[in-house]
Structure formats: C-alpha cells, structure tokens
Amino acid sequence: MKFLYLMAALFCLGGPAQAAPTADEILAAADAIRNPPKPFSVTVTLTEFQNRKQIDANTLTSYSRLQPSGQYSSLVRFVLPARDTGKLMLKNGNDMWFYDPVNKASVRLSPQQRLLGQASNGDVATVNLAKDYKPALAGQEEIKDGEGKSRKAHKLALKAAVPDATYASIEMWVDVENSRPLKAHFYAESSRLLKTVYYRKFQAQLGAERPTESVIIDGLNPQSVTLMRFTDYKERDIPETWMQRDFLPRFQAE
Amino acid sequence: MMSTSTLVRSRSCLGAVAVALLVMAPAHGASADGDALSLESAPADSAGARNAPKLFIEGAIGSAQSRVLPGSSDTGRLSLDVSYSGKLGTNWRLVFSDRIDVIHPTAAPGTDATINSLREAYASWQPVGGGLSFDFGRINARSGPGYGYNPTDFFRDGSLRVVTTADPFALRQNRLGTVMLRAQRLWEGGSVSFAHAPKLESRPSADGWSADLGSTNNRARSLFTLSTKISEGINSQVLLYKDAGLSPTIGANASALLSDAAVAHVEWTRGREPDLLSRTFGGPANLATRNRFVGGVTYTTLGKTSITAEYQYNGFALSQSRWAALATTPGAQFLYLGESLRRLELAPRQALLMYVSQRSLWLKDLDLAAYVRFNLEDSSKLAWVELRHHWSNFDLTLQWQQNIGRPSTEFGLLPDRRVVQVLGTYYF
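Chains L and A are the protein sequences, given in the same order.
Heads up: the first sequence is residues 1 to 254, going by our numbering.
Heads up: the second sequence is residues 1 to 428, going by our numbering.
Think of the hints as simulated: they come from the structure by calculation, not from any bench.
Hints should not be assumed to be uniformly reliable.
[As the list claims (entries may be wrong)] Computed footprint of chain A on chain L; a stretch qualifies when at least three of its residues, placed anywhere within it, have a C-beta under 8 Å from a C-beta of chain A:
# : stretch
1 : 80 to 91
2 : 205 to 219
3 : 238 to 246
[What the hints assert, rightly or not] Here are the simulated lysine to aspartate or glutamate pairs, DMTMM-like style, with alpha carbons at most 25 Å apart:
#  : chain 1 : residue 1 : chain 2 : residue 2
4  : L       : Lys-131   : A       : Glu-188
5  : L       : Lys-155   : L       : Glu-142
6  : L       : Lys-144   : A       : Asp-33
7  : L       : Lys-159   : A       : Asp-33
8  : L       : Lys-149   : L       : Glu-177
9  : L       : Lys-53    : A       : Glu-40
10 : A       : Lys-54    : L       : Asp-56
11 : L       : Lys-87    : A       : Glu-339
12 : L       : Lys-134   : L       : Asp-31
13 : A       : Lys-242   : A       : Glu-339
14 : L       : Lys-87    : A       : Asp-395
15 : L       : Lys-144   : L       : Glu-25
16 : A       : Lys-364   : L       : Asp-218
17 : A       : Lys-87    : L       : Glu-254
18 : L       : Lys-131   : L       : Glu-254
19 : L       : Lys-201   : L       : Asp-31
20 : L       : Lys-134   : A       : Asp-260
21 : L       : Lys-155   : A       : Asp-33
22 : A       : Lys-199   : A       : Glu-345
23 : L       : Lys-195   : A       : Glu-345
24 : L       : Lys-152   : L       : Glu-142
25 : L       : Lys-155   : L       : Glu-213
26 : L       : Lys-195   : A       : Glu-188
27 : L       : Lys-195   : L       : Asp-164
28 : L       : Lys-87    : A       : Glu-58
29 : A       : Lys-229   : L       : Asp-132
30 : A       : Lys-54    : L       : Asp-84
31 : L       : Lys-149   : L       : Asp-218
32 : A       : Lys-54    : L       : Glu-254
33 : L       : Lys-152   : L       : Glu-25
34 : A       : Lys-229   : L       : Asp-164
35 : A       : Lys-87    : L       : Glu-240
For glycine and all other residues, C-beta sits at the position ideal for the given N, C-alpha and C.
Pulled out of the complex, with its shape left as it was, chain L reads as follows (with noise of 0.2 Å):
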C-alpha cells in the first residue's frame, strides 16, 4: 500500500519522469539548427561596422558539406567588391587553399592566415563544435537575445578537445524551449575574448527554423562590428570531389 502512495505522489509530482538533457545532447541540437545536414549552398552578406558606421560590405557563396569525420568542408566564392569576384577559398580540414582563377594560383593557407580574414567569420556560422569542443553545463540563465528578447537559456561551457579546434574555448547560450543557438563568447587560449555572436532573425530554411543572421562584436575593439546575412539556402548535389585543390581551376558558379 505504502508503494501505491509513492508512485500516487511522484505522478502527482511531475508525471512521468523526464530525463534533463546533457551538455552534448544540447550542444548537438543547436549544431544542428546552424548547420543543415545535407549538401547545401548559401550566400552571405557580411557588413562591417566601425563606430556603427558602415565601412566594408562583402559577399560570398559558400558550398558546405557534411564530412564523415562529422565536420563540414566549405568551398567559398567571393561574389563582391568587384576586384575578388571569382576568388575561392577551400576549407576541408586543415586542408586550406586560395585560388585566384585569374593568376590560375592555388595558395596552401595556415590555419592563421586564414583566420586574418572574413572567411573565418564561416568557421562562426558552418562548424559542428560538438565534434571540436567538449562542452559542460554551467547551469540556466535568463538572456537577451539577438533581437532584445528574454529567453532562458542553457549556458554550456566548451573547451577544445581537438589541436585545430579554432578557439581555445567557448561560452554559449541555447534556448531551453528549442535549443536554439542564441549567443556564444568564443576564446582564445590566453582566456581573452575574441568575438561575441549572437544568433538571430530565425527563419525556416533547408526543413527547420535557422538563423539567417549574425552578428559578430570584436572581443577587442566592441565598436568593430560585422552582421553576416544567409541568404539563399539551396540543397545541393556536393561532390566530395569538389573539396580538394584539383577541383578549384574547374569549378563554375551557377
């Protein structure tokens, strides 16, 4: 009779007993929010602020594909200013290269020459952390958002657990109610903050409800600021052929 009491009282209590989610299981559905699972395309606009004043404006098409290594590889074509028109840049791994189809020159990149530039920013917007980072749960917060609303959020605390993970370390807030990614602080290994993103303008694109901008505030200098705009999401047939250098010289934008 006393076990009839006790699960009278846990029912009464909160139902059926639901397990909380895990630091992985939260930093895995917020990858898969940024990042759709198939071949796709998308064009990005990223706008420069100094000062809140406009000073650069650059756009790019970027063609991602998920690896069997679980980390995406991405072939970037710059579409403007005029003068980068055609450019690529490749991303497989630490696989890197510039190609100028004008000079026919594939560049090897570093993993820091390639950080100095824009491109970077995409490490920000089409990376699985959850194959770069183990995260940890650093409790709930109640957050401003990237449009000024409140939201509770899961605070994960990330820290590299692969040598070219790009950052040393990251913060990052998920929506409790649908994991969105909402906000991430990223590190560097000194422990200073480098950038901070903030995920919004959430839209349903490629079967789920994903961010189509982000706005990226300089660790260092606040005022240097660059909002990246997805626009454009295709799925696409991607050959794992495109992704290597071979394949630059040959490739033809649609």
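Following the hints, complete the assembly by docking chain A onto the known chain L.
Chain A in isolation, oriented as in the chain L frame:
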C-alpha cells in the same frame, strides 16, 4: 595575391587603444552589444551580378630613372582586362580571358604600342556526376606553388606578351595560355590529367593584335600530371613533360602545412635539354641533364604579416664565371637576360626571394606587398614595394622598384635604376 594577403586584417598599431578597450570592455559590454544589435545588414547581392564578366580598366603613369642617361623618362600604360566563365547547358562551360595594354614607351622602337593578350579561350565538357572533364582551346595550365620561380610550370615559356610590372603575381595574371587538348579525372583526394599542345605556328608574332600562337604553340608538347593529397597537411604533384625533340623531363612539387602559422613549398624538375645560353644564341645545343629547384616557407605572424623566404636554383643557367665571361661580348649579357625573362626562367644559378605582405598596414584598406630578389651569384638585388589602397570599386596603387648592383651584374645591367609608378584601377 591573397593573395594570401586577401585575408590579412591587421590592427597591429592599435596596441594602446586595445589595452584601453580591454579594460573598458566589461563595463561597456552590455551597451556595446545593444548598439551592435541595432545595426542592419547591407542588402543581399542580386543573383544577376554573380556570373557577369569580370572587367576592369587600369591606368598607370610613372617615371623611370635611367642608369646611363641623365634625368628620367615618363612611362604610361592603359589596360582593359576582361574575363568570363559561364555554363552552356548542363555539361558545357566556356572560358574567355583577354587583356589589351596600350604602353608608352614601347618595348622596342617600331613595335606596336597596343598589345592584345588573348589569355584564354576554351570550351570544357564535363559529363554529369563524373569526375571526368575534357578541355579544348587556349588554356592557362599553370602548376607549381613557388612564389617567384616555377620549374614545374612547364607551359610558362613565351607566355608573356608585355611586362607591365615586376610583381611576380601580377605577371602571372597577364600570361598567355597554350592551345591544348586536356583530359582530367578527379577522385577523392587526387587527380590525373593529360594535356597535349600541338605545334600551330613557327615563330612569335610582333603584331600587337595577333593571337601569337607562335609564342605558345611553336612546337608539340605533352604533360602528364598526377596530383595526390598525401595527408590533410601535404599535397603533391608528379609531372612528366615531353617537349618535341627532347627527352622527357620529370618533375614534382609539394606543399605542406608545418604548423598553425607556417606553410612550406618545394618544386623540382630534372631533364636533359639545352642550357639557357644555347637557347639564347642558338648554334649547337649544349645538351645536359640538370635540375631546377625551388623551396620556400611562408610564415604568418601574430602581427598578421605574411613573410615568405624562397631559395631558387636553375642548373641550366650560367655559372658566375661564365656570366662574367659573357661580359666580353657587347650586349650578350643583355640578350641572355631577355631570353631568361621571355622563358620566365631564372637567369642566375641561384637566387633568394623574400616576400612580405600585409593587409591594413596603417589604414583598414591599405595593403602592403614588397619583395627583394637576391642574385646569390653576383650579389645584385631587385627591391619592389607596393602600397595599395582599396575603395569599393577603385584601387589606387604606388609602386616603387629599385634595381641594385654593379654594372654587368643581373640587376645592375637593367637600363632603369629606379621605376616609380602610380596606378588607378577601376573594377566594373
């Protein structure tokens, strides 16, 4: 180039400001985020602009200080550059690339001031879903990761109709392709290709509007290339090249990621052919089996500067003693240098190149590129510096070149001691 420098966005001169901001950041973080979140993106690009021909015009005015004549002479150039690559149906692709240069003064008295360089004009057929492709036409088939010298770039000789700059990267932009049939098969992590270029003309053309097939297709040539991704950090190519009337030349090149900040590259060829002196003056060919080699390292600093050091070797070039002996024949050294430039060959046996690039040198849109080329045989040097400022569709560039060396050295022999020019480039 990016050039690698396309990526560089330096703020190295902002040290004091950075420290101040770092201290201030926590206090102002929330409001700074709020400010940032109120910003709006630029409008997304319209799809129509993406596959339009790439077109730019460039004008240059400058001054060349002669070694022998007093004062300096004016130089000028106007260039129109167009390139296009587009799909024709599902399987076909067309590529076209052309450049017109109007130059002053002309390369030699009586030669055309207007030079057209038909760089590429070819069709490509690629069956859907396969890694196979066939290309036919004038193709700029370039290989080799070297910065200033590319021994494995077998179709380089005779490919420059006009030399408008000392920048090795810009020189490659102007080079002519070779008419060839090329087949290539790609697979995951590698490719194999075969190219055959037939003989179409016997001699180069001085006519400024000529397609100048005599410069690029004056003999039959074939090239077999096997590319392999050895690991995530190492790529290589093995090449076998056959020039009509000569034994096959073997070559290899590779690039490797040494660390997060360093990339290495090497190129090597070995073949039996006439030395550069025989090629310059004709007569009985002095056939020998020798090597060409390039090896270099590019390091990117935390200050966001990319520095490349490259050693260059050409076993077919004159040794220092034979170069010195050539000075007894008036004009012979100059002809030898002219032939080495025409062939994009290394004139001395050994040379060293130091190349530096940095984006956002003092201003966000100001880029620096500079190099020094050392002739390790006669100690002469060529120094070149470029400062380029970008606006949205316009670049303003200052170039400065200094040829340093005693008379009868490689760079001391060049007619100009110093060349300074200002360039304006408008991109449509």
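Evaluation of the provided hints:
1. 80 to 91: holds (count 8)
2. 205 to 219: It holds, with 4 qualifying residues against the three required.
3. 238 to 246: holds (count 6)
4. Lys-131(L) - Glu-188(A): holds, 22 Å
5. Lys-155(L) - Glu-142(L): holds, 10 Å
6. Lys-144(L) - Asp-33(A): holds, 10 Å
7. Lys-159(L) - Asp-33(A): holds, 24 Å
8. Lys-149(L) - Glu-177(L): At roughly 14 Å apart (the allowed maximum being 25 Å), Glu-177(L) and Lys-149(L) satisfy the hint.
9. Lys-53(L) - Glu-40(A): Satisfied, since the Cα-Cα distance of roughly 11 Å is no more than 25 Å.
10. Lys-54(A) - Asp-56(L): holds, 20 Å
11. Lys-87(L) - Glu-339(A): violated, 32 Å
12. Lys-134(L) - Asp-31(L): Satisfied, since the Cα-Cα distance of roughly 13 Å is no more than 25 Å.
13. Lys-242(A) - Glu-339(A): The hint holds at about 21 Å.
14. Lys-87(L) - Asp-395(A): This hinted pair holds, its Cα atoms lying about 17 Å apart.
15. Lys-144(L) - Glu-25(L): holds, 23 Å
16. Lys-364(A) - Asp-218(L): Roughly 15 Å between the alpha carbons, so the hint for Lys-364(A) and Asp-218(L) holds.
17. Lys-87(A) - Glu-254(L): Given pair Lys-87(A), Glu-254(L) holds - Cα atoms ~8 Å apart, limit 25 Å.
18. Lys-131(L) - Glu-254(L): violated, 31 Å
19. Lys-201(L) - Asp-31(L): The given pair, whose Cα atoms are some 16 Å apart, holds under the 25 Å limit.
20. Lys-134(L) - Asp-260(A): holds, 21 Å
21. Lys-155(L) - Asp-33(A): Distance of about 18 Å is within 25 Å: holds.
22. Lys-199(A) - Glu-345(A): holds, 22 Å
23. Lys-195(L) - Glu-345(A): violated, 47 Å
24. Lys-152(L) - Glu-142(L): holds, 4 Å
25. Lys-155(L) - Glu-213(L): The given pair, whose Cα atoms are some 21 Å apart, holds under the 25 Å limit.
26. Lys-195(L) - Glu-188(A): violated, 35 Å
27. Lys-195(L) - Asp-164(L): Between Lys-195(L) and Asp-164(L) the Cα gap is close to 18 Å, so the pair holds against 25 Å.
28. Lys-87(L) - Glu-58(A): Roughly 20 Å between the alpha carbons, so the hint for Lys-87(L) and Glu-58(A) holds.
29. Lys-229(A) - Asp-132(L): holds, 23 Å
30. Lys-54(A) - Asp-84(L): Roughly 9 Å separates the two Cα atoms, so the pair holds.
31. Lys-149(L) - Asp-218(L): Holds - the C-alpha atoms of Asp-218(L) and Lys-149(L) are around 22 Å apart, at most 25 Å.
32. Lys-54(A) - Glu-254(L): holds, 15 Å
33. Lys-152(L) - Glu-25(L): With a Cα-Cα distance of about 17 Å, the restraint between Lys-152(L) and Glu-25(L) holds, given a limit of 25 Å.
34. Lys-229(A) - Asp-164(L): holds, 19 Å
35. Lys-87(A) - Glu-240(L): Answer holds: Lys-87(A) to Glu-240(L) is near 21 Å, not above 25 Å.
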